[in-house]
Amino acid sequence: EAGVAQSPRYKIIEKRQSVAFWCNPISGHATLYWYQQILGQGPKLLIQFQNNGVVDDSQLPKDRFSAERLKGVDSTLKIQPAKLEDSAVYLCASSGTIGTANTEAFFGQGTRLTVV
Amino acid sequence: KNEVEQSPQNLTAQEGEFITINCSYSVGISALHWLQQHPGGGIVSLFMLSSGKKKHGRLIATINIQEKHSSLHITASHPRDSAVYICAVRSYNTDKLIFGTGTRLQVFP
Numbered sequence: 126e127a128g129v130a131q132s133p134r135y136k137i138i139e140k141r142q143s144v145a146f147w148c149n150p151i152s153g154h155a156t157l158y159w160y161q162q163i164l165g166q167g168p169k170l171l172i173q174f175q176n177n178g179v180v181d182d183s184q185l186p187k188d189r190f191s192a193e194r195l196k197g198v199d200s201t202l203k204i205q206p207a208k209l210e211d212s213a214v215y216l217c218a219s220s221g222t223i224g225t226a227n228t229e230a231f232f233g234q235g236t237r238l239t240v241v
Numbered sequence: 158k159n160e161v162e163q164s165p166q167n168l169t170a171q172e173g174e175f176i177t178i179n180c181s182y183s184v185g186i187s188a189l190h191w192l193q194q195h196p197g198g199g200i201v202s203l204f205m206l207s208s209g210k211k212k213h214g215r216l217i218a219t220i221n222i223q224e225k226h227s228s229l230h231i232t233a234s235h236p237r238d239s240a241v242y243i244c245a246v247r248s249y250n251t252d253k254l255i256f257g258t259g260t261r262l263q264v265f266p
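If you read the protein sequences in the order shown, they are chains D and L. In our numbering, each residue's number is its place in the first sequence (first place is 1) plus 125. In our numbering, each residue's number is its place in the second sequence (first place is 1) plus 157.
Be a bit skeptical, because a hint or two may be false.
[What the hints assert, rightly or not] Lysine to aspartate or glutamate pairs mimicking EDC-like chemistry, simulated, CA-CA at most 16 Å apart: (1) Lys-169/D - Glu-174/L; (2) Lys-208/D - Glu-193/D; (3) Lys-136/D - Asp-181/D; (4) Lys-169/D - Glu-229/D; (5) Lys-203/D - Asp-188/D; (6) Lys-253/L - Glu-229/D; (7) Lys-203/D - Asp-182/D; (8) Lys-253/L - Asp-182/D; (9) Lys-208/D - Asp-188/D; (10) Lys-253/L - Glu-160/L; (11) Lys-169/D - Asp-181/D; (12) Lys-140/D - Glu-229/D; (13) Lys-253/L - Asp-211/D; (14) Lys-169/D - Glu-224/L; (15) Lys-211/L - Glu-229/D; (16) Lys-169/D - Glu-139/D; (17) Lys-225/L - Glu-174/L; (18) Lys-225/L - Glu-160/L; (19) Lys-169/D - Asp-182/D; (20) Lys-136/D - Asp-211/D; (21) Lys-169/D - Asp-252/L.
Treat the hints as calculated values from the structure; they're not laboratory data.
Throw the hints in and build the complete structure from the sequences for me.
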C-alpha cells in the first residue's frame with residue numbers, strides 16, 4: 126500500500142518569501158492532518174480536514190498560513206510571507222474515519238523548511 | 158498540562174541494554190501510535206495499539222486502557238535505535254491526533 130506522500134522533502138527560502146507544501150494521503154482516507162514540528166518539540170496540529178471540510182484550524186496562524194483540500198483528496202499548505210520562526214518540519218498524516226475498519230493513522234516523511 | 162506526556166525526555170543507553178519509554182494520556186482514545194523519528198524529520202510508524210500488547214522484532218509495545226498508559230520497550234538496544242520516539246493518541250471524541258513531545262534516545266556502542 127502506498128504511504129502518505131509529501132513534497133518537497135526540503136525547502137530553504139528567505140524570510141518574506143512564499144512557500145507551498147503538498148500532501149497526498151492514503152487512498153480513501155477521509156481525515157487529513159497538517160502538523161508543524163519545531164526542533165526539539167512535539168508536532169503541533171495546524172489543521173485537520175474531514176474530506177474537504179475543515180474540522181479544526183484553531184492553531185493555524187491564518188494571517189500567513191492557509192491550507193486547502195479542494196477535492197477531499199490531496200492537500201496543500203501555504204505560508205505567505207514566511208518568517209524565521211516558521212522554520213520547522215511540516216508533517217502530513219491521514220486516517221480513515223472512526224467507526225470504520227480503517228482507523229490507523231499514516232504519516233508522511235515531512236517537509237523540512239528552513240527560513241533564512 | 159499536556160494531554161500526552163512522555164518520559165523520559167532524554168535517554169542514553171549502552172548497546173545491549175533494555176530500554177523503556179513511557180506515555181501517559183488524559184483523553185479518551187480510539188488508538189495509540191508509537192512513532193520513530195530520525196534526524197531529518199521523517200516519521201516511521203512502529204505500532205498502533207488499542208489494547209494489549211504488540212511485538213515486532215526487538216520492539217514491544219503495551220497499553221493499559223484503564224490506567225491510560227503505554228510503554229515502548231526495546232530489547233538488546235543497538236546504536237541504530239538512536240532516534241526520537243513519539244507517542245501519539247487519536248482522540249475518540251474529536252478524532253484529533255495528539256502528539257507527545259518525544260523521547261530522544263541515544264544508544265552508544
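Results for each hint:
1. Using a Cα cut-off of 16 Å, the hinted pair Lys-169/D and Glu-174/L is violated, with the two alpha carbons roughly 32 Å apart.
2. With a C-alpha separation of about 21 Å, the suggested pair Lys-208/D and Glu-193/D falls outside the 16 Å cut-off, and the hint is violated.
3. Taken as a hint, the Lys-136/D and Asp-181/D pair is broken in the structure, with Cα atoms around 26 Å apart against an allowance of 16 Å.
4. A hinted pair counts as satisfied when its Cα atoms are at most 16 Å apart, and Lys-169/D with Glu-229/D does not qualify at roughly 19 Å.
5. For the given pair, Lys-203/D sits about 11 Å from Asp-188/D by alpha-carbon distance, which is consistent with the 16 Å threshold.
6. Simply put, Lys-253/L and Glu-229/D have alpha-carbon atoms about 12 Å apart, close enough for the 16 Å limit, and the pair holds.
7. Straight-line distance between C-alpha atoms of Lys-203/D and Asp-182/D comes to about 14 Å, which keeps the hinted pair within the 16 Å bound.
8. Between Lys-253/L and Asp-182/D the alpha-carbon distance is near 11 Å, which keeps this suggested pair within the 16 Å criterion.
9. Between Lys-208/D and Asp-188/D the CA atoms are separated by roughly 12 Å; this keeps the pair inside 16 Å, and the hint holds.
10. With a CA separation close to 12 Å, the supplied pair Lys-253/L and Glu-160/L stays within the 16 Å bound.
11. Among the hinted pairs, Lys-169/D with Asp-181/D is consistent with the structure: their alpha-carbon atoms are about 12 Å apart, no more than 16 Å.
12. Pair hint Lys-140/D plus Glu-229/D does not hold up; C-alpha atoms about 37 Å apart against a cutoff of 16 Å.
13. Proximity of Lys-253/L to Asp-211/D is assessed by CA-CA distance (about 22 Å); at most 16 Å being required, the pair is judged violated.
14. The straight-line distance between the Cα atoms of Lys-169/D and Glu-224/L is roughly 25 Å, outside the 16 Å bound, and the hint therefore fails.
15. Distance hint between Lys-211/L and Glu-229/D is fulfilled; the C-alpha atoms sit about 15 Å from each other, no more than 16 Å.
16. For the hint linking Lys-169/D to Glu-139/D, the alpha-carbon distance of about 23 Å lies beyond 16 Å, and the restraint is violated.
17. This hinted pair does not check out: Lys-225/L and Glu-174/L have alpha carbons roughly 26 Å apart, beyond 16 Å.
18. Note on Lys-225/L and Glu-160/L: the hinted pairing holds, with a Cα-Cα distance of about 11 Å set against a maximum of 16 Å.
19. With a C-alpha separation of about 11 Å, the suggested pair Lys-169/D and Asp-182/D falls inside the 16 Å cut-off, and the hint holds.
20. Our distance criterion of 16 Å between C-alpha atoms is met by Lys-136/D and Asp-211/D, whose separation comes to about 12 Å.
21. The straight-line distance between the Cα atoms of Lys-169/D and Asp-252/L is roughly 15 Å, inside the 16 Å bound, and the hint therefore holds.
Violated hints, in rising order: 1, 2, 3, 4, 12, 13, 14, 16 and 17; the structure is consistent with all others.
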